[in-house]
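> Each chain, letter by letter, is given below.
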Amino acid sequence: MQKRRKQSRLHEVWHQLKKNKVAVVALFILVLLILVAIFAPFLAPHPYEKQNSKLANAGPSREHPLGNDRLGRDILSRLIYGTRQSMQMGIVSVAIAAVIGILIGSVAGYYGGWVDNLSMRLLDIYQAIPMFLLSVSLAAILGPSLRNAIIALGIGTVPGYARIMRASVLTVREKEYIEAAKAINASDFRIIWKYIIPNAIGPLIVQITMGVGACILAGSALSFIGLGVQPPIPEWGAMISDARRVMREHPTHALYPGLCVMISVLACNLLGDGLRDALDPRLKN
Amino acid sequence: MVRFVIKRLLMLIPVLLGISLVVLILIDVTPGDPARMMLGAQATQEQVNALREELGLNDPLPVRYGRFIWQLLHGDLGTSLMTKRPVATEMWERFPYTLTLVVLGTTLSVLIGIPIGIYAAVHQRTWKDNTAIFLALISVSMPSFWFALLLIRFFGVYLGWLPVSGVDDWKGWVLPSVAMALGLTALIARQMRSDMLEVLRQDFITTARAKGLSERRVVYRHALKNAMIPVIMVIGGIFGVMLGGSLITEVIYSIPGLGQYIMTALYNRDYPVIQSGILVVSGMFAVIILIVDVIFALVDPRIRSQYTRKEKRKAGRQLAKETKTVETT
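Residue numbers (the numbering used here), protein chains in the order written: chain E, 7 to 291; chain U, -2 to 326.
Excised from the complex, chain E in its bound form:
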């Protein structure tokens, strides 16, 4: 029973989403980006780390469609490989944050009382530190690397998910089916896992989609200031940082990676907007 209902709900959302052309295009772009990330070694025309001093800062050519950077590396190949880093930072860090947030939020919302009070006060402390400052400090203290940047971004964004989840659980908690589950003596774990989380997760979906975009953005900023992905591994933010040295003569070197970040984040935001409308058509305006 439970399963069938869940499927039909997904169906309904998908049906709504399909009507929104912009959201479908955004979804398509995101899937494409993930595919590019997975198949980067097959798509990139050149190895990302191969330097060629003769071609340093060379303009576009047949061999190198977007030209070469200041070390003579193929910019297009580096952009393609950079997709991997950005997608990982966006998706993995949001996954970490969402899982922790959902756990905290559902436990706090379901039990209420002092558990709720304590966890909310702790989140108050957490959120009192500006998110980006927290992520930057964490990344710097943990040491710069892709893994640590992902952890820093994940930990930095937990409170948002926890709060939305909690608020959503509060509305679900009083429903009849929870009462029914309690009446058949289901354990708290079972109630939270099977009834609370599936029913309360709706409002989080939009947040998660947009969160991926926000983490891609923040991740590129971390790499830009040297606290994320380390050279020679290509990352869009790090590429912009590298291009600063030749900004005067070759501004396009910084232009392309920035556009890549923008397109991925834009796709996440558009899909998030579309999902919001699909999940709750009443909100559409």
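Don't read these hints as lab results, they were simulated from the structure. Just to be clear, a hint being listed does not mean it is correct.
[What the hints assert, rightly or not] Take a look, some chain U residues computed to stay more than 10 Å from chain E by CB distance:
1. 0
2. 2
3. 48
4. 56
5. 59
6. 62
7. 112
8. 141
9. 146
10. 175
11. 204
12. 223
13. 229
14. 248
15. 279
[As the list claims (entries may be wrong)] Below, a list of computed lysine to any residue pairs in the SDA-like style, where the Cα atoms sit at most 25 Å apart:
16. U:4 <-> E:25
17. U:4 <-> E:130
18. E:25 <-> U:130
19. U:168 <-> U:153
C-beta: ideal position from N, C-alpha, C; glycine also.
The hints should help you fit chain U onto chain E, whose structure is shown.
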């Protein structure tokens, strides 16, 4: 009202205590020895040990935490490992720069974002609205540091109108504030638009129109007041984003503010500065949020009554509020 402000001020204390504890623990669990950092690689282990003892790094965590709080109460934020100067003095010198940047950026985004939002809402589903939404979406999705570099390249290098870095005169502030304001302007515009649309659909607007008021009066006198409330809430969160963003913006434009100070400290692992820096910036953020909340209560009688009558808010309303605050961060 006074009681509300005092209550909120008192609530700040545990939050700030908590932040300093979190930061202390964070620094404690990370590898790397501050004493070793200060003395350099050539120092002998004995020298390092002696310095550790002198700095009190060998004491247990609760003792160090107690000492930090005790010093904090006396206005002592420690001494920078790099410059050997008191952190409080150094931060006080840098504070005006960050404050100026954040206030300029926020003012700019409010002054541009709100009219755009109203404009888009009033022209809903026309090309004007679509263009505004599209531009707003693009601006939200842009990396601000990238936009900052493009601004420098165009206005600083290509046109040569504005300095590429430094804030010696007013011209220097233009690019950094614009770079800071871009994404948040878009955020405010989006928020303003959706709130305005929501309000315009309500019955009292129909009444106002039925009375024969001009559309202008309906929008600016009747609708705007009600639509502004969620926007003010968003502005509070925006200050936090601004403070975070100042880290990068100050480095790019070489503004000697708190953001640059903290960044340098993070690179050098200058622990006293990191610790106090995070605390001070978070404190600034908390005070700003407090001010916004007070303004909020002053503007909206419904909120005011909530604090005086202590009515419990309904869960649904809570959800809407959380969703809005979270979206800004």
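> For each hint, tell me whether it holds in the structure or not.
Hints, one by one, checked against the model:
1. 0: holds (20 Å)
2. 2: Correct as stated: the minimum Cβ-Cβ distance to chain E is 17 Å, above 10 Å.
3. 48: Fine: 21 Å to the nearest Cβ keeps residue 48 of chain U off the interface.
4. 56: holds (20 Å)
5. 59: holds (18 Å)
6. 62: Check passes; 14 Å lies beyond 10 Å.
7. 112: Holds: least Cβ distance 19 Å, greater than 10 Å.
8. 141: violated (8 Å)
9. 146: violated (6 Å)
10. 175: holds (16 Å)
11. 204: holds (20 Å)
12. 223: Its Cβ never comes within 10 Å of chain E, the nearest being 15 Å, so this holds.
13. 229: Given that every Cβ of chain E is farther than 10 Å from that of residue 229 of chain U, nearest at about 18 Å, it holds.
14. 248: violated (7 Å)
15. 279: violated (5 Å)
16. U:4 <-> E:25: Answer violated: residue 4 of chain U to residue 25 of chain E is near 49 Å, above 25 Å.
17. U:4 <-> E:130: Distance of about 15 Å is within 25 Å: holds.
18. E:25 <-> U:130: At roughly 19 Å apart (the allowed maximum being 25 Å), residue 130 of chain U and residue 25 of chain E satisfy the hint.
19. U:168 <-> U:153: holds (11 Å)
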